[in-house]
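J.: Residue-level listing of the chains:
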Amino acid sequence: MSTTFRTAAGGRIDRTSTLQFTFDGRSFTGHPGDTLASALLASGRHQVATSIKFGRPRGIAAAWAEDPGGLVQVEEPFPEPMLLASTVELFDGLVAHGLPGQGRLADVPDSARYDAVHHHVDLLVVGAGPAGLTAALSAARAGARVALVDEQSEAGGSLLSGTDRIDGVPAPDWVADAVAELARHPEVLHLQRTTAFGVYDDGFALALERRTDHLGAAAPRHVSRQRVWRIRGRSIVVATGAHERPVVFADNDRPGIMLAGAARTFLHRYGVLPGREAVVFTTNDSAYDAALDLHRAGVRVQAVVDARPEGSPHRRAECESAGIRVLPGSVVTGTEGVERVTSALVAPFADGEVGTGSAIGCDVLLVSGGWNPAVHLFSQARGRLRYDEDLGAFVPAQELDGLSVAGSAAGLLDLAGCLADGRAAARATLTALAIEPAADDRLPSAPDPVVAAAPLVLWRVPDTSGAGGSTQFVDLQRDATVADIARAVGAGLRSIEHVKRYTTIGTAHDQGKTSGVLTSGITAELLGVPVQDTGTTTFRPPYTPVAFAALAGRDRGSLFDPERVTALHEWHGAAGAVFEDVGQWKRPRFYPQPGEDMEAAVLRECAAARTGVGILDGSTLGKIDVQGPDAAVLLDRLYTNLISSLKVGSVRYGVMCGVDGMVIDDGTVLRLAEDRFLVLTTTGGAAKVLDWMEEWVQTEWPDLRVHCTSVTEQWATFPVVGPRSRDVVGALFPEVDVSNEAFPFMTWRDTALGGVPVRLARISFSGELAFEVYVNPWYAVAVWQRLLEAGRPYGITPYGTETMHVLRAEKGYPIIGQDTDGTVTPHDLGMAWAVSKKKPDFVGKRSFARQANSDPRRKQLVGLLPVDRHTVLPEGSQIVEFLADGQLPPPPVPMLGHVTSSYRSAELARPFALALVKGGRERIGDTVHVPVNGTLVPVEVTGSVLVDPEGARRDG
Amino acid sequence: MQLIACPWCGPREETEFSYGGQAHVPYPEDPAALSDEEWAHYVFFRDNTKGRFAERWNHNAGCRRWFNAVRDTTTYRFESVYRLDEPKPVTS
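Chains as they are written, first to last, in this note's numbering: chain A, 8 to 963; chain B, 156 to 247.
Please keep in mind that the hints were generated in silico from the structure rather than gathered at the bench.
Just so we're clear, the structure is a prediction, and the values are computed from it rather than from any experiment.
One should not assume that every hint holds.
[Unchecked claim] Covered stretches of chain B (in silico footprint by chain A; criterion: 3 or more residues with CB under 8 Å from a CB of chain A, positions within the stretch not fixed): (1) 156-163; (2) 200-208.
[Claimed, not checked] Estimated spans, in silico, between C-beta atoms of each pair: (3) A:Gln-721 - B:Arg-219: 15 to 25 Å; (4) B:Arg-219 - A:Leu-566: 21 to 31 Å; (5) B:Thr-230 - A:Thr-511: 46 to 56 Å; (6) A:Thr-618 - B:Arg-219: 44 to 54 Å; (7) A:Arg-712 - B:Asp-202: 26 to 36 Å; (8) A:Ala-614 - B:Pro-181: 51 to 61 Å; (9) B:Tyr-182 - A:Leu-915: 43 to 53 Å; (10) B:Cys-218 - A:Arg-111: 42 to 52 Å; (11) A:Val-718 - B:Cys-218: 13 to 23 Å; (12) A:Glu-194 - B:Asp-202: 24 to 34 Å; (13) B:Asp-202 - A:Glu-570: 38 to 48 Å; (14) B:Cys-218 - A:Leu-440: 21 to 31 Å; (15) A:Asp-395 - B:Pro-244: 36 to 46 Å.
For every residue, glycine included, the Cβ atom is placed at its ideal position computed from N, Cα and C.
Chain B with its partners taken away, still in its complex shape (with noise of 0.2 Å):
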């Protein structure tokens, strides 16, 4: 079982958290203006990307709070952790 560092209370057991999903993807200023099509990319289209992946994480069994994590999708090692006030890590 992984270790998953919640920026607000440190390493804690895995089980402890739940998935998020792809990170930055944010709500569309005016969902209105959009085609159905650019509409649906909001809602269904996410990235399937092998290696390193900016994802959201809830610590919903802890503090309860979200956050986001850059992991490799590969190892499944978590790169950092950040909260969701802080920019994206820039990665090689």
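One chain only, chain A, in its complex shape (with noise of 0.2 Å):
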């Protein structure tokens, strides 16, 4: 390809080194130092999309983020969308193509590495533009701790741009100075590729790192592709810059209309000119620069147009003495070309009217409308803005504790004011943080600047193309124009903020950055209101499209959320275990044999349970130890029943609610000794009992002499559960007494296997005769395996969650936060018996008595029996009545209640369910019905305990 718009010497480009890339399918080169666009653009290639709504040519307007056109999907070396080519680094083997607004998503996985890193720093620094370079060195040199990130691929900024000088050398080696010297600061943390895109609170900011984007293919796989800084700065100077606003008018969008500001990066950055034949239209002298440069450079400049009445007297001096033409009062009001701009309509322009113009040939109509601070991470910080109305753009207005703006982000816009502005402001700084400045902190020296002419304020050209604002374009990216805007202000809207819901405008990938500003204004002029009053819709972060892979970071799959496991993981995974998720707990549900399905394996286990033996891994339940002199006592206080008059190696049943009297957890006790006592919890209630505890303990009764310590990780715990639990145990420890009357149901001893302590215990979950085994996790294994050889002549099953379920529910065991929400009392459960009326006063117990907790029509657990005996009721479902005629009512049909717990019972031959019912126990022997996929199934309203309710089988 020829490169035919690379000029012979000059820009940051490695010309030495020679880079292949295919863009939509064709072949280019370019140089290390290039962007996509840049290369592009050296090959005379302005296209790059079509535009999302009209399907009109698109091109590179910008040469960096704030590029409303140059839209691109990466393909190789990872599939990418949505990114700018003004901001894409080249590299060897880029394939991409242009995007019409839209991208697609990889349909592989990203294999590349995302992480984060904390940092905290005196001063956090953004940008490494002339402002933030000389606050970067203020603070350095004052041996602040720094952090300087800058969004490109080089510091510099501006300075990059242009042809300005510092300290009487170029810009770019007073650039590589500085830099040198930050790199000398050990307490400096100086990255480039690193946009901060979002500020938070208390000196909070996040930044991206693009580490190996650049790289390619080349990029090392143990590097993370990209990272997100955490940095807590004690105090922020956002030095941001300023991003060139556009003008407005007719055919605006065109490839081959750029920003002016733009064609001068293009130029000095990159040795690229953006075409042969430019028309320059401006309000301001910036542009001038760009068009001198240009024609030193070798563009024909067809003429300067500048739309304020006298134009700049200085600056036309310069341009005319190089033969370039300026057309003061003037205005572009349209363009023509299809794929690429071939000419400018160029005409009078006095008064705000636009007198008869003509066609002016070229292949690049370069603009200016001026500059707008960019604002963003003030504003995100919750700084005001003010309109400038000689800037024609929002400031800050106010300073923010510990954030300042400086630099032409605050609005300057000279060299020498930006260099002084940033060291001003990294001063100001340290001394707030009572940090001495360094003697030989020396402010650099630029050329004063040129003496300005005013700019002008212009957001857009009057149409006089006809077509009635329709192709004057605000927001290239959602093909949103003046007509949008006008339209809706005709609706009736007055809020920017309604402006840009009811247009679109500002929504796509750059969130506005050139037409956020340019809609505030054009929406005042329709208004007829000042633009003070308008003002700007939200920045909020991110500033540019982050990723949510690099959001994600390391935290996915096994690193999203701790697992937690118990100490027999690794032999349920080899008994084919089926998991399940509690909580942060993976517990097996089922143990699949050969050729079984989960409902043919739980009924297989509950029949071990209910006919023979069974055994559980229920080392994941809640376990808590209370120790102190006051421990009863705190006991007695949180759970509804009397816990004090326990005897040491008993176990008592507990429910424990909030202070409204609804039930938060429940579980068992055990009294270890006078002043200790271990007490259970659900798995899921573990940490919000504990929590509970301490709330209590802390806040309200500090005078409890009383620690609670979590345990559940120190106790495995495998329940032996079923008639033949008792010849398990006992075979397996033959020094205890495992006899009814010598090892009571409710109570719990000490004993050891091996020389390893153990603790039984008699509680049953199942309403079997069972043995819970405790012991330490580094002896599960072997503990479990040994009960497993003891219960090999009774065919001892392990079971899973699934079935604990079932055996449960047929006892009519509720499990808090699945059988109850939080409106259930214990009386709702038909636990009355657990609530003492002893005590005189307990959490929660002083709600009982509210008349609402009286109500016979409260909600009550009971039982449900599908009369068909083989529908398995889906958990959730409602419950609804028919009427004495046997219809249901006419529609809102009232809801009586839920289903709760739905499971097949090997035990009943039949499926059961519990259910949570409005005047439940009155109704036991009704029939109620239930819909299940259309149909209405009865079911016989039953007491909640379904099988054993005389508990003869909990003593084996």
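Two chains, two separate frames, one set of hints: put the complex together.
T.: In structure tokens, the structure reads:
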């Protein structure tokens, strides 16, 4: 490919090396240091894509993230949509194509790594342009801890795009010295290719570092592709520069139309000419630099069209001595061309009126409507903005604690001013932080600015094309025009936020970097109100798009949330267990044998526990060691029943309620000593119950001498369940008398196995004779296997949580959080027996006496038996009743309650369910109906205990 | 993300803390002596203050201790933190 638009020399590219890349299926070349945009322009290619709504050709319109035109999808080395050609650094082998506004996600997993780093500094400086560099230098010289982040591939910002001189040398040389000096300060972190995309409270900022994107396929696998820096700065200096603002005119979206400053960047930084014949359209002096620089580089500048009546006398003389025609009091009213601009329509402009114009041929049209300070981060930090009439832009209007704005981000547009402002911002910050500025903190010198002619604020050129503003593009990415804003205002919208949502302006990939202020200005003009009153839309993070993969970082897959496993996890896996998640725990749900599905496996496991012996890994049960002279007092206050009367060696079931009287957890309590209890909670409630105890002990009863400690992980727990459990436990622990007389229900005993302490407790969550075996998890596998060996003669069967649930539901034991929500009292559960009448008070007691709690229509826990003996009611199903005439009441049909647990029972040889039903206990014996897949299934209301209601089995 | 100054640990990120609602709402001396309405005021009713508000916080991913703070509900700014055994600071 020819690179005929590349200058003969200059730019910051490495011309000794050539990179091959493919765009839209065609091969191109470029150099290290190029972006995809500069390499395409070097080949004479402006058009990148077509627009999202109208399919109009669009090209590169700016040299960095503010570009609304050059949207691309990268295909190689890894597919990534919605990037800007102007921000994609060129690498060998890049494959990309233009995007009509919408990209396509990769259909293969991203194998790159992403990570995050926390960093703490005295001063975070965002932007390594003139103001950012002097700020960082001042702070670094004072010995402060500094982070300097900048989004481009090298430091310098605007200094890389022009011909400025600092301290008598070309600005890029001064930048190189500044960077070298910063590198010598050990407390300075300097990151390029790093975008500070969000500023939050208390000096917290997020920055995205693109570490290997620019290396393409050569990126080392062991280096994370992108890194999120979580930086906490005692203070922040925002030196993010300014974005050039276009002027809106008819057909202002054609490829070849770009911001004047961008053309300078392409020339000076990348050695690229944007075209051969240029027209420059401006409202201010800055575009004259572009005109003169391009002229010197060999571009034929056809005209400088200056909307100001007098133009800029000083700059006009400069141009005319170079042979460039200047047309003051003129505007560009429109353009011609299809895939590339071919001419600009130029007309005289006075007092807001456009005269008769003529076409001037060109292949590039440069536009400047002034500069918008990049106030995004300041505004994210809730800084208030003020409209500056001279700039035609919004600038920071207040001081913020710990955050200042410096340089052109604060509205300064001259180099000497920006250099001084960055240094001043840093020194003010140092003073606030009580850090002494360095004695040798010299301000670099820059030539005094040329006295500039005042800029003209011009949002749009009156539309003389006859299209009524419908080709005057405000937001190129959204294909939104002046006509769209007029329609919004005509529809009565006055708030800029409403105009934004009506027109979608500013909602695209670029978030309105070039269109936002224009929209405020045009809206104010159409409404006839000051721009200050219209204001801006809210700036929100991220400043530029951030990939979800980067935000997720390493918190993916198994690292997304901690996985808790019991000491037997590998044994369960080897035994073929199917696991389920219970909170963060992985628990075996059932152990299918060959050919079994869940239903068959659970029926087999249930039958084993009810007729022989089963064994469960119950290690996830929450366990809290409550110690201290007042331990019993605390538990008496937190449980609804009396705990202090419990004898050492015994166990009691207890229910815990909130102050509102609603059940929050249940479990058993073992009294280990006069001043020590082991509290067992539900698996899911363990952390909550410990927090609950701590809250009361710390905030209400600090006088209680008691300490609560989680020991969940310190005890592996195996319930051995079933009529043959006594045989198994007796065989393995022969020194323990396991007879019912010596070891009755709800007691515990300590013993040992091969020198390892073991605790046995007769607690049953199934209604069967059962022994819970507690042991240090280090010995869990050994003890588990010994139990299996001892149980082999009885066909001991490991069972999972599903069987556990069926067994407990058959006995009407509720699962707090499944059979209850936050509206269920112990009385509703039929557990009035667990509520002490003797204790003067406990948490929740007063609420039981509230009138609403004695309402007979409260929902109560009951059993349900489907009359057809085969339907398993879906959990969550609603319950309805027929009227006396056997018909449903008219809609809305009153709901009596819902199914909370539902299983198939091996013992009952039919499905059953638990449910919360209004006035449920009064309805026992009634038939109600449950809609299942559009059919009303009749179900009989029963008591909640369906198996062994007499409790005859628990003693074997 | 805000920094919250735990009286025991110093400034820590807000994700380490959990919120405990209005402070200085003591458990009633004798709940049984209260009317249903008075009891409901303890259980359910809390101030909805615009401006300085004394509230409870728990450094539950740190030292796990409860403490009180005065925070401005319009700016989120913490004006002071104090231990449970310290009196509520006088605010203007």
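J.: Determine for every hint whether it applies to the structure shown.
T.: Structure-based check of all given hints:
1. 156-163: Holds: 3 residues of the segment 156-163 of chain B have a Cβ under 8 Å from chain A.
2. 200-208: violated (count 0)
3. A:Gln-721 - B:Arg-219: 15 to 25 Å: 18 Å, holds
4. B:Arg-219 - A:Leu-566: 21 to 31 Å: 24 Å, holds
5. B:Thr-230 - A:Thr-511: 46 to 56 Å: Between B:Thr-230 and A:Thr-511, where Cβ atoms are some 33 Å apart, the hint is violated.
6. A:Thr-618 - B:Arg-219: 44 to 54 Å: 47 Å, holds
7. A:Arg-712 - B:Asp-202: 26 to 36 Å: With a Cβ separation near 33 Å, A:Arg-712 and B:Asp-202 satisfy 26 to 36 Å, so the hint holds.
8. A:Ala-614 - B:Pro-181: 51 to 61 Å: Between A:Ala-614 and B:Pro-181, where Cβ atoms are some 54 Å apart, the hint holds.
9. B:Tyr-182 - A:Leu-915: 43 to 53 Å: Cβ of B:Tyr-182 to Cβ of A:Leu-915: about 46 Å, so the range 43 to 53 Å holds.
10. B:Cys-218 - A:Arg-111: 42 to 52 Å: Given about 49 Å between the Cβ atoms, the range holds.
11. A:Val-718 - B:Cys-218: 13 to 23 Å: Once the Cβ atoms are compared, 20 Å apart, the range 13 to 23 Å for B:Cys-218 and A:Val-718 holds.
12. A:Glu-194 - B:Asp-202: 24 to 34 Å: Violated - the Cβ-Cβ distance for A:Glu-194 and B:Asp-202, about 46 Å, lies outside 24 to 34 Å.
13. B:Asp-202 - A:Glu-570: 38 to 48 Å: 42 Å, holds
14. B:Cys-218 - A:Leu-440: 21 to 31 Å: 28 Å, holds
15. A:Asp-395 - B:Pro-244: 36 to 46 Å: 42 Å, holds
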